[in-house]
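Novice: In order, the protein sequences belong to chains U and W. Under numbering that gives the first Met the number 0, residue 542 is the last one in the first sequence; the count climbs by one each step, no gaps. Under numbering that gives the first Met the number 0, residue 314 is the last one in the second sequence; the count climbs by one each step, no gaps.
Treat the hints with care, since some could be wrong.
To be verified - Under the rule of at most 25 Å between Cα atoms (straight-line distance), these lysine-lysine pairs were calculated in the DSS-like manner:
(1) K518/U / K93/W
(2) K485/U / K509/U
(3) K32/W / K93/W
(4) K509/U / K93/W
(5) K393/U / K375/U
(6) K328/U / K393/U
(7) K509/U / K283/W
(8) K115/U / K163/U
(9) K485/U / K115/U
(10) K93/W / K189/U
(11) K509/U / K115/U
(12) K509/U / K163/U
No wet-lab data here; the hints were simulated from the structure. Remember, predicted model here, so these are calculated numbers, not experimental data.
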Amino acid sequence: MSSPASRLTLRQSVALVWRTLRSMRTALVLLGLLALASAVGSLLPQIPNSPERVSAYLVDHPFWGELFLRGGFFDVFGSWWFALVTALLFISLVACLIPRSRAMLRTIRQRPVQAKELEALPHFASFAVDGEPEVATARARSVLRRRMYRVAVAPDGRGVAAEKGALRETGSLTFHWAFLLLLIAVIVGKGTGYTGHATIVEGQTWTDAAFNYDGDLRTGRFSSGQHTGAGIHLISFQDAFRTSGIPMDFTSEVELLDPDGTPVRRDDVRINHPVLFDGLRIFQYGFGWAPVVTVRDRTTTLSDGPVVMVQDAGPDGNQLAAPGEGFVKLPTLRPQYAIQLELIPDSTAFIQSLMTGVPQPMTQVRAPFMRYTVWKGVLTDPSLSGLDTRFMRKVSTGIVGRGWTVDVARGCVISSGSGSGLPTGLARTTRCPAGGPAPALTLSFPELRRYSRLQISKDTTVPYVLGAAILILLGLVAAMYSSRRKVWVRAEAREEGTVLQVGGFALQRKDRFEEEFPKLVAELRAATGGDRPAREPAEAGAR
Amino acid sequence: MTAARLSSDLFNAALFAYIAAMVLSFAYLAFRKRPFHTAALIVGWIGVAANVGSIVARGVAAHRTPWGNMYEYSVLLACLVVLAYLVIVEWRYKVQTVGGFVFAFAIFTMAMATSFFYVGPTDLLPALNSYWRQIHVTSMIVATSLLATGCVFTILYLVKVRSERRELSAMRSQDPPPILGGAVDADAPPDYVPGADDPVGEAAAPGQRRGLPPSATLDRLAYRFIQFGFPIWTFGVMCGAIWAQQTWGRYWGWDPKETWSFITWVIFACYLHARATAGWRGAKAAGIALVGFVSLFVTYYAVNLWIAGLHTYAK
Numbered sequence: 000m001s002s003p004a005s006r007l008t009l010r011q012s013v014a015l016v017w018r019t020l021r022s023m024r025t026a027l028v029l030l031g032l033l034a035l036a037s038a039v040g041s042l043l044p045q046i047p048n049s050p051e052r053v054s055a056y057l058v059d060h061p062f063w064g065e066l067f068l069r070g071g072f073f074d075v076f077g078s079w080w081f082a083l084v085t086a087l088l089f090i091s092l093v094a095c096l097i098p099r100s101r102a103m104l105r106t107i108r109q110r111p112v113q114a115k116e117l118e119a120l121p122h123f124a125s126f127a128v129d130g131e132p133e134v135a136t137a138r139a140r141s142v143l144r145r146r147m148y149r150v151a152v153a154p155d156g157r158g159v160a161a162e163k164g165a166l167r168e169t170g171s172l173t174f175h176w177a178f179l180l181l182l183i184a185v186i187v188g189k190g191t192g193y194t195g196h197a198t199i200v201e202g203q204t205w206t207d208a209a210f211n212y213d214g215d216l217r218t219g220r221f222s223s224g225q226h227t228g229a230g231i232h233l234i235s236f237q238d239a240f241r242t243s244g245i246p247m248d249f250t251s252e253v254e255l256l257d258p259d260g261t262p263v264r265r266d267d268v269r270i271n272h273p274v275l276f277d278g279l280r281i282f283q284y285g286f287g288w289a290p291v292v293t294v295r296d297r298t299t300t301l302s303d304g305p306v307v308m309v310q311d312a313g314p315d316g317n318q319l320a321a322p323g324e325g326f327v328k329l330p331t332l333r334p335q336y337a338i339q340l341e342l343i344p345d346s347t348a349f350i351q352s353l354m355t356g357v358p359q360p361m362t363q364v365r366a367p368f369m370r371y372t373v374w375k376g377v378l379t380d381p382s383l384s385g386l387d388t389r390f391m392r393k394v395s396t397g398i399v400g401r402g403w404t405v406d407v408a409r410g411c412v413i414s415s416g417s418g419s420g421l422p423t424g425l426a427r428t429t430r431c432p433a434g435g436p437a438p439a440l441t442l443s444f445p446e447l448r449r450y451s452r453l454q455i456s457k458d459t460t461v462p463y464v465l466g467a468a469i470l471i472l473l474g475l476v477a478a479m480y481s482s483r484r485k486v487w488v489r490a491e492a493r494e495e496g497t498v499l500q501v502g503g504f505a506l507q508r509k510d511r512f513e514e515e516f517p518k519l520v521a522e523l524r525a526a527t528g529g530d531r532p533a534r535e536p537a538e539a540g541a542r
Numbered sequence: 000m001t002a003a004r005l006s007s008d009l010f011n012a013a014l015f016a017y018i019a020a021m022v023l024s025f026a027y028l029a030f031r032k033r034p035f036h037t038a039a040l041i042v043g044w045i046g047v048a049a050n051v052g053s054i055v056a057r058g059v060a061a062h063r064t065p066w067g068n069m070y071e072y073s074v075l076l077a078c079l080v081v082l083a084y085l086v087i088v089e090w091r092y093k094v095q096t097v098g099g100f101v102f103a104f105a106i107f108t109m110a111m112a113t114s115f116f117y118v119g120p121t122d123l124l125p126a127l128n129s130y131w132r133q134i135h136v137t138s139m140i141v142a143t144s145l146l147a148t149g150c151v152f153t154i155l156y157l158v159k160v161r162s163e164r165r166e167l168s169a170m171r172s173q174d175p176p177p178i179l180g181g182a183v184d185a186d187a188p189p190d191y192v193p194g195a196d197d198p199v200g201e202a203a204a205p206g207q208r209r210g211l212p213p214s215a216t217l218d219r220l221a222y223r224f225i226q227f228g229f230p231i232w233t234f235g236v237m238c239g240a241i242w243a244q245q246t247w248g249r250y251w252g253w254d255p256k257e258t259w260s261f262i263t264w265v266i267f268a269c270y271l272h273a274r275a276t277a278g279w280r281g282a283k284a285a286g287i288a289l290v291g292f293v294s295l296f297v298t299y300y301a302v303n304l305w306i307a308g309l310h311t312y313a314k
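Next up, chain W with everything else stripped away, as it sits in the complex (with noise of 0.2 Å):
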């Protein structure tokens, strides 16, 4: 078997045991049994474990490091999320119930690189030969994962706050009135709350146990990733620019690219002021990182698919 067809039965096997992972995912977010978290890890596991052999069996086919265009970027990027979740949030954070959520958004990810942006494993164009592509590609494919699952947990927070804002309007409407009523207030910025980063599965307060984690703790975990992918962005479009610079001869010229990678920094710059000010904490803050989820995607996609550019490496 060749390298070319071992990296795309790779890649078709990683996208199968993602779709099972977020099947038994949200199995376990549905129903609370165990078994079906254990199930869903492991299965992600050998997901990201394909993933990588099919990135490496690329690697191989094509004689050199298998991210020069979009269905490269897109499989590293899918890899990446789903990395990501597994060591920040599962691992680190101790949050077991989102894991469908990020499969999800893994699973989109090949499904347009299969679909949109499928070449063979070819050689690249001399202006991509160069080390400041490994270094430029590199971080802008982990500053993307890491602020695409943030994003992720902006939209799972929105969400979240909805409903706790609903269970507490019913709370207050309820005759008579509860205890805690006039104690909660709906508005307070949702900083570090103590106890948010419990475990919520069967070792959570019985409260707790229905649905997502606590708005707080899916707050900060958006807030975690994008603090973490912003420097990173930074890093790659910087890095972009210098290989622009040696490339074409200049640092910055207002390519669709560019300018779109421009947008997206602006708008998560934004978000993490807002996040820092008062009056904005919370939903608005988090309205913000929507658009820049939505900026992300427009740099990522969609200048390749329908804004003419020097980044057209995609067609």
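If we strip away everything but chain U, and leave its shape as in the complex, we get (with noise of 0.2 Å):
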């Protein structure tokens, strides 16, 4: 295999592959292969976006969406094939780069080459003018240089040669160069960082810690999986909404707390406001209910505290207008207990849906009231949000307002408070007989908070991001819109005197010289003094 020619098939292989990822050909067919496999990242539902239609995709074609699976088509952006594509772009790139930015340094380091015969360039013109050709040189080349092009002048001082549009080249190597700045930002960024949500009711504080995202949080490949203990206490949360039902903004007032506990300072989590504190950037992502709800036994206080409802309207509805639904769970009774409660913030827009027929949003808190199912059995559903009801049975069912102290296994209300405002029909429930034993179960429900729920994330690269993509603009407007020119001047002494020759072409956008070039020879022939009577025609413009 030391054969000098199997050596030699070697270096061509590798000469050939890389040739081969050097070529505009290659840099294309990658491309659009890109372009081909985004277009079937969006045609297929995917995993990060919408899990929930890949099940429904996976059962309904179960061959198509096994094969899929296995593929990496319902996670196209992070297949290791979409992957593969990326960098060999990356590595054609750079292939490219590396040469034409070598290229790029000698021209600029070198300079403008003088030309012979400048009549035979595509724009040329002549005219006598003052002087010795040395002083009309200088003066040419003056004009040059405020016109903003690189000039040198000819050893004989005769000559200028000139040249524009470096810019071009530098343009289009910023360009290319700043977007393996944006791929390794953008690696970096999201896969050390992470992102979540947290749901944070009035009066509470949260802190960044992985166990206290709501089983959401994504991290980032390279991630060190520190959180930064970070806190923040919900002040208050507010809405507003035009009379419309439109919601006009949501703010979530919030103090933000070092790691050790201490304030640091208070601020306005907002729609389009993000906050940004110790790292973290703080978005306002939803919002909700949380009753405040008592729950005792004859002896003890079994739970108390707010608790989180879930609005869920299915996929049509709106989601203001539906009830929300929550549930207190009593694990250490036995049997085991547990409340399910749908919550009304709004009656009188409840009861306007109830008579129109139509469901309104309920933004308002206007006389708020609860219904509320006792079950009782054994409890399966381990998750907070759910509940299992097979090995259950109800015990009771009523409603309480705020304000309210019920007795939940027997259904009856305990005390009403001075005014809870329900409607008459609502509040049309028993009252538990006055005397006998103490109610077994009470719920109190004594007041009516709101919680927010903000996006985490942890990002430290978004600058560098923001950064490399003003490069990509900047150099792609550059290598754009600047065009490369060559112009040379040579001034001879003839006999008749001295004449200017001044000759040039352009490299792009001709046709926009070819209006340049005239207006050019125009100035250098009154720096000249060339506008003496030429003693040969002198002429100017596009051959």
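Take the two lone chains and join them into the complex the hints point to.
Specialist: Structural data, given as structure tokens:
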């Protein structure tokens, strides 16, 4: 295998691979593949964006679903083949950029080269001027300098070579290199960062730790798993709606805490106005109701605190018109108990919905109440949001207004406070008979709070991504809108006097140069005193 | 009359003006009678005025900048396409025969707007309430209008190239062969040809007077429009990313609209690279631009009509 012929073949094949990678054809094919893969990613449901639609697809199309799942088609942008195409594209890019950058540096260092036979250039003019050739040359040089040309004077002092438009290649290279920067910044940022959601009830404090997220924490591949420990205390949540029911604004008033619990500052998290704290970006994401519920048996308080309510109106319904749903689970009792709660925050809107048949959004607090259903049996559903009633039996149902206390074992009202404002039609509930034994299980609804759902993201490279994007844009504009031009001036001493010859050509935007060149010639003429009548006819313009 | 009513009346006026301008432009292309062209220009400008009036009235009716949903984008897009044609093609490049196709595109856009996307002037969701919306949407619409106009010229270019090839082969097969026979190179890159932008109306040389402008002119117009639109598209996508970072907490999430704007970007990047590469110029590059055209349409319409995602303001 050490024969020179086979070594040459190896070297040739490496060179061939390198040449192929560097060719524009390869780059175009890879770009095409990237576009194609992305199209697949937008047409098939993707696990990171809509996992529930992926599951539905797997159920509906078992064969294709399985095939797509194995091939990574449900996570195109995280698949190995998407990464491979991207990697090949960037290798091809770098392979192309290194020699181009070298050549660019060489060109910048080089001075423009003199030319002979200017008459042969696409654009040419000649005219008689005042003074010695060296003087005319020096004047022409300053005109060209003023017009942003890079200039070099010939050794004999009678010619100028001028170039402009190096910005074109510089811009193009900046544009392409900045993509590499962008890719690295994105990989580092997404790889080491994390994002998830936090649910905080008014008056409560949340701490950045992996187990405090709503079970949807997404951590980057190269993450250390460390969290900041920073705290967010929700002071209040406010929303504003137009009369049409269209939301205007959502604001979470928060106090931000150090990892040791010291308050640092207060801030407002609003839609489109995230808050940056301790490397975390905090965004307003969602909101809902959290009634404070106290459950007691004869002797002790079994549960006391806000219950986070979920509003689910189905795919097409107005979520604001749906009642909030939540549970209080009492696993310590024997038999176990669960209280299912359904919150109506605005009874006026609720009654309107009942009367008109059109669900009304419930955006304000007006005589709030909850319907409760008490279940007894075995708690099998470990999740906080669901309730599995297969091994449970319904004990009682009823309603509880704000400020009320009810006996849920018997389904009667112990105290309804004063002026709860519930409409009489709804408030028609049985009062517990006075006297008798202490109730076995009571439920109170002392206040209605709100919770805010915040999105918490850590991504340290966002400024670098922005910087790379700005470089991409600047490079692109420079590359597209600057054009290379070459101009030569030659002064000759002839018997009739000094004659200045100007020749030039454009590498891009040749039509524009057709207008530029006569203007340049006119300027040169004016600067060199070339407006005295020429003995030979002067000509300017395109040939 | 309320501003909303005025807006929809002016919309109809603009639509009918564009239809009239289209008919007149095609009449000029077919018969080369100067009055047709003059009338098309006048009616076209009236259409633009009505279109602008419709947009302004809509803004007054909704108390906000009137580009917040697909209907409003489409009305703005039609306006910008016609404006770009009248200013750049008619005025700057003095090419006068292709207006009908541009008006046809504007009519299509407006018809799509009324039939699929119409909504009354209403308020926006708070997530759309950002000044990045103005910048992002404005640049996306401007870029879309430029790229789409470029693609109209690409199609015309491909049509013209075919007919030029046919003429050429007809010339070659003639007996005895014409003097030009061996000298015309049909595969030459359609780069700048001096005189390609010369007027092709009545002032043009007799040989150029029939049909579309020469393929070199069409190709160059297509290239100029796409070259103009591409950086604006890039800027628009970047503004969208900045806005997404503020609103959704991530600058890029492969949402269908994002994905398709990326695909469109990649395809037009391919076109620009192909244009700069020997062996890909001409029809091959034009083919890539056509794929870009399709992708542009998917980005603009199909994503909203058929693919669910975060950009579902159109519903």
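Novice: Now look at each hint and say whether the structure bears it out.
Specialist: Evaluated hints:
Taking the CA atoms of K518/U and K93/W, the gap is near 22 Å; set against the 25 Å cutoff, the hint holds. With a C-alpha separation of about 12 Å, the suggested pairing of K485/U with K509/U holds against the 25 Å cut-off. Simply put, K32/W and K93/W have alpha-carbon atoms about 16 Å apart, close enough for the 25 Å limit, and the pair holds. With a C-alpha separation of about 17 Å, the suggested pair K509/U and K93/W falls inside the 25 Å cut-off, and the hint holds.
Straight-line distance between C-alpha atoms of K393/U and K375/U comes to about 6 Å, which keeps the hinted pair within the 25 Å bound. With a C-alpha separation of about 14 Å, the suggested pairing of K328/U with K393/U holds against the 25 Å cut-off. About 23 Å separates the Cα atoms of K509/U and K283/W, which keeps this hinted pair within 25 Å; it holds. Among the hinted pairs, K115/U with K163/U is consistent with the structure: their alpha-carbon atoms are about 19 Å apart, no more than 25 Å.
Taken as a hint, the K485/U and K115/U pair is honoured in the structure, with Cα atoms around 13 Å apart against an allowance of 25 Å. Distance check on the hinted pair: K93/W and K189/U sit about 50 Å apart at the alpha-carbon level, beyond 25 Å; violated. Our distance criterion of 25 Å between C-alpha atoms is met by K509/U and K115/U, whose separation comes to about 22 Å. With a C-alpha separation of about 14 Å, the suggested pairing of K509/U with K163/U holds against the 25 Å cut-off.
In terms of the numbered hints stated before, the structure departs from hint 10 and from no other.
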